[in-house]
Amino acid sequence: MNDHIRPALASLGLMILLTGLAYPLAVTGAGQALFPEEAHASLIRQGDRIIGSALVGQAFAAPHHLHPRPSAVDYDAAAAGASNLGPTSAALLAEQAARAEAFRAATGAARVPVDAVTASGSGLDPHISPQNAAAQAARIAAARGAPEAEVRRLIAAHVEPRWLGLFGEPRVNVLRVNLALDAAFPLAPTAPANEG
Amino acid sequence: MPSSYLVLILYCAVTVGLAWLLAGYMHRVFTGRRVWPSPLIGPLERACLAAAGPAAARPQGWAAYGAAVLAFNLAGFLFLYAVLRLQGVLPWNPQGIAPMPPDLAFNTAVSFVTNTNWQAYSGEVQLSHLAQMVGLTVQNFVSAATGMAVAVAVIRGFVARGDGRVGNFWTDMVRAVLYVLLPISVLVALALVWQGVPQTLGGAVRAVTLEGAEQIIAQGPAASQVAIKQLGTNGGGFFGVNSAHPLENPTILSNMVQSVLILLIPVAFCFLFGRMVGDRRQGWAIFAAMGVLFVAGLVLIHGIEQAGNPMLAEAAGVTGPNMEGKEVRFGATLSALWAQATTAASNGSVNAMHDSFMPLSGLVMLLNMQVGEVIFGGVGAGLYGMLLYVVLAVFLAGLMVGRTPEYLGKKIEGREVTLAVLAFLSMPLGILVFSALSAVVPAGLAAVQDAGPHGLSEILYAYSSATGNNGSAFAGFGAAAPFHTTLQGLAMLLGRYAIIIPMLAIAGSLAMKRPAPATAGTFPTHGPLFVTLLVITVLILGALTFFPALVLGPIAEHVSMLGGQSF
Chain A
1 MNDHIRPALA SLGLMILLTG LAYPLAVTGA GQALFPEEAH ASLIRQGDRI
51 IGSALVGQAF AAPHHLHPRP SAVDYDAAAA GASNLGPTSA ALLAEQAARA
101 EAFRAATGAA RVPVDAVTAS GSGLDPHISP QNAAAQAARI AAARGAPEAE
151 VRRLIAAHVE PRWLGLFGEP RVNVLRVNLA LDAAFPLAPT APANEG
Chain B
197 MPSSYLVLIL YCAVTVGLAW LLAGYMHRVF TGRRVWPSPL IGPLERACLA
247 AAGPAAARPQ GWAAYGAAVL AFNLAGFLFL YAVLRLQGVL PWNPQGIAPM
297 PPDLAFNTAV SFVTNTNWQA YSGEVQLSHL AQMVGLTVQN FVSAATGMAV
347 AVAVIRGFVA RGDGRVGNFW TDMVRAVLYV LLPISVLVAL ALVWQGVPQT
397 LGGAVRAVTL EGAEQIIAQG PAASQVAIKQ LGTNGGGFFG VNSAHPLENP
447 TILSNMVQSV LILLIPVAFC FLFGRMVGDR RQGWAIFAAM GVLFVAGLVL
497 IHGIEQAGNP MLAEAAGVTG PNMEGKEVRF GATLSALWAQ ATTAASNGSV
547 NAMHDSFMPL SGLVMLLNMQ VGEVIFGGVG AGLYGMLLYV VLAVFLAGLM
597 VGRTPEYLGK KIEGREVTLA VLAFLSMPLG ILVFSALSAV VPAGLAAVQD
647 AGPHGLSEIL YAYSSATGNN GSAFAGFGAA APFHTTLQGL AMLLGRYAII
697 IPMLAIAGSL AMKRPAPATA GTFPTHGPLF VTLLVITVLI LGALTFFPAL
747 VLGPIAEHVS MLGGQSF
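Top line first, the protein sequences correspond to chains A and B. According to the working numbering, numbering within the first sequence proceeds without interruption in unit steps and concludes at 196. According to the working numbering, numbering within the second sequence proceeds without interruption in unit steps and concludes at 763.
For the record, the hints were derived by calculation from the structure and aren't laboratory data. No experiment lies behind these values; they were computed from the predicted model shown. A hint or two may mislead.
[Stated by the list, open to error] Label pairs and their in silico Cβ distance ranges:
| # | chain 1 | residue 1 | chain 2 | residue 2 | range |
| --- | --- | --- | --- | --- | --- |
| 1 | A | Ala78 | B | Pro724 | 52 to 62 angstroms |
| 2 | B | Lys607 | A | Pro170 | 52 to 62 angstroms |
| 3 | B | Val491 | A | Ala98 | 34 to 44 angstroms |
| 4 | B | Trp216 | A | Gly29 | 32 to 42 angstroms |
| 5 | A | Ala188 | B | Gly213 | 51 to 61 angstroms |
[Stated by the list, open to error] Computed far set for chain B versus chain A, every beta-carbon distance over 10 angstroms:
| # | residue |
| --- | --- |
| 6 | Arg471 |
| 7 | Arg599 |
| 8 | Pro713 |
| 9 | Phe743 |
| 10 | Pro744 |
Note that the Cβ used here is the ideal one computed from N, Cα and C, for glycine as well.
Isolated chain A (complex conformation) (with noise of 0.2 angstroms):
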């Protein structure tokens, strides 16, 4: 045994050296140096506030914003996580039937889609699906006094395409989308955007 206590020292002490320190470090140099901005965790600045990121999902709740999917986390970004419930666990379909009632109710769409009675894996899912969208323009327009048209016609230019057309599946990008609406129908000065 003693025949590989040196080798064994010395190879995990050089292991440490290049592979948890160099390679993170150079990885970490090279990667700020080519993309700052991603290397950051692609963050969305309005002047000096930062409002979020382009990657990470947020709660909205008011009337004039897109909603996002359902958040076993509430969108804590700091502890991400799911309700990791089977499929035949009572307590979950009792929640997902309330959040259809609850999406039929406000949208008053008669097919509701499953991304928006379902948890994410994350709990920072920062799309959901354009059907989903689509459901949601009436109630942002109405609470914008915009034309159901126009709010339709932008959610529709924010829809990604599958990744060659074929890989990943079509989706709109909830805090780019209410960026857009706030800029192209902003409230009236009466309403004002903190409330929700």
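Here the structure of chain A is known, so what remains is to put chain B in place on it, guided by the hints.
Positioned in the frame of chain A, the structure of chain B alone reads:
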């Protein structure tokens, strides 16, 4: 739906093509020949081996090779345990994260040293940047390199011409890191940063949303760890929810790159095997057996998740794919693909929450792990695991025709078969015995989240994942309780070393034998007949052992679901 099959076919084609190329490169690396990065890496390799001393140059027999593996892994375990216990006072801890308690640090250190990467903690909440880098990332590299080295040594045992030598562990391990894991990781890590995976030593960011709410966004040196955790079949995410997290896996492109990496080296090992034994058809035969099992599982999970949850349709009138625990951008197809790849390959990373998959998808994932992670399996580990089944398969074939079995010209005798059965028994011991214990002891049962048969599936999944060194979870299971951190730690040790040591012993025993020339009576091990026999051996030995437990878990849940019974 039809286009999603095209996605799966393209994924398989790209993965196999890249793996075939990588196998040629790895063959040159592990036989000490020049490869194109040699001018750059060669000096580094020589420096590492010089530091390790003369022991790093001598050819080893199986026992010395195994002792080197154990010494190296023990040193790695002690270092990682110390870092996790001391992270509170060490630098690069911008969130002021506290040290890990002893049982959790034991569990985590074992988990990363054994290439399992079971995570009973949540990365962004319980680990400092230093612990992620110097602690976990290092083991991501060297545990993968350990598996690759052992596999190469086992292959050498099948090839050796009677001298009993299987190579030198230190040389193999250093080459695996320097020539294979590190260069690919650097390229992939930068590609991931480009796609939006953060890479910074800074702490969390405070955002104020358009509606005035506060959101704290955790980040850190994620890309460097994500690249190697995918490549080395480690699977331990930077964030607790792994590659479901939008900052760990932001885009479809990042998802496809990470999905290919899961299987890249495990598939390449099939072809490397064929090249090293000097008969590429032997590698294709192993690949075919693994491939049949992989595609069968993939088609099942994909179909089941696309079909969705009939109970949701009943309860809420909502139809569509099963999207609970899945991200919109990946949908059911890419989530099913990842789930199959990660459980087949002993990677254990996830891009969707397995606990919320349909019962029969869970059954497939459980089987992938329970057969011993041999459907491509862990880097290196999948190949030597499958060679264990090969020994048993040729033994069964020998029994049927009444002839001493042979494989690659080596006689498979009592010693090899005994060792193979011994190694095989670690799976039912770790999975069935430990699960049974958890299901009767109150401290074990307390971790179960879901009522009904799904609760049993959670226990079975936890111990299948730990013993198979997979690392994925039915994450509703409360794995952080001391009872489970300890028992899981033992299961991971069992699933790793109770297979490595007997496999090296088999290799050592075969390395003492001179290969005999093939005769008319030799059973050919490269044709469809052998592939079929191998698949049947895996299914009979692996699957039947666990069938009774699976009936009580996922199958009972599926039947209840069809009957409209929720829990």
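Do the hints match the structure? See the list:
1. Ala78/A x Pro724/B: 52 to 62 angstroms: 54 angstroms, holds
2. Lys607/B x Pro170/A: 52 to 62 angstroms: 59 angstroms, holds
3. Val491/B x Ala98/A: 34 to 44 angstroms: Given about 40 angstroms between the Cβ atoms, the range holds.
4. Trp216/B x Gly29/A: 32 to 42 angstroms: Given range 32 to 42 angstroms: holds, Cβ gap about 34 angstroms.
5. Ala188/A x Gly213/B: 51 to 61 angstroms: 59 angstroms, holds
6. Arg471: Fine: 27 angstroms to the nearest Cβ keeps Arg471/B off the interface.
7. Arg599: The claim stands: Arg599/B keeps its Cβ more than 10 angstroms from every Cβ of chain A (closest is about 41 angstroms).
8. Pro713: Holds, since 37 angstroms exceeds 10 angstroms.
9. Phe743: 21 angstroms, holds
10. Pro744: With a cut-off of 10 angstroms, Pro744/B remains clear of chain A, as the shortest Cβ separation is near 21 angstroms.
Consistency note: the structure conflicts with none of the earlier hints.
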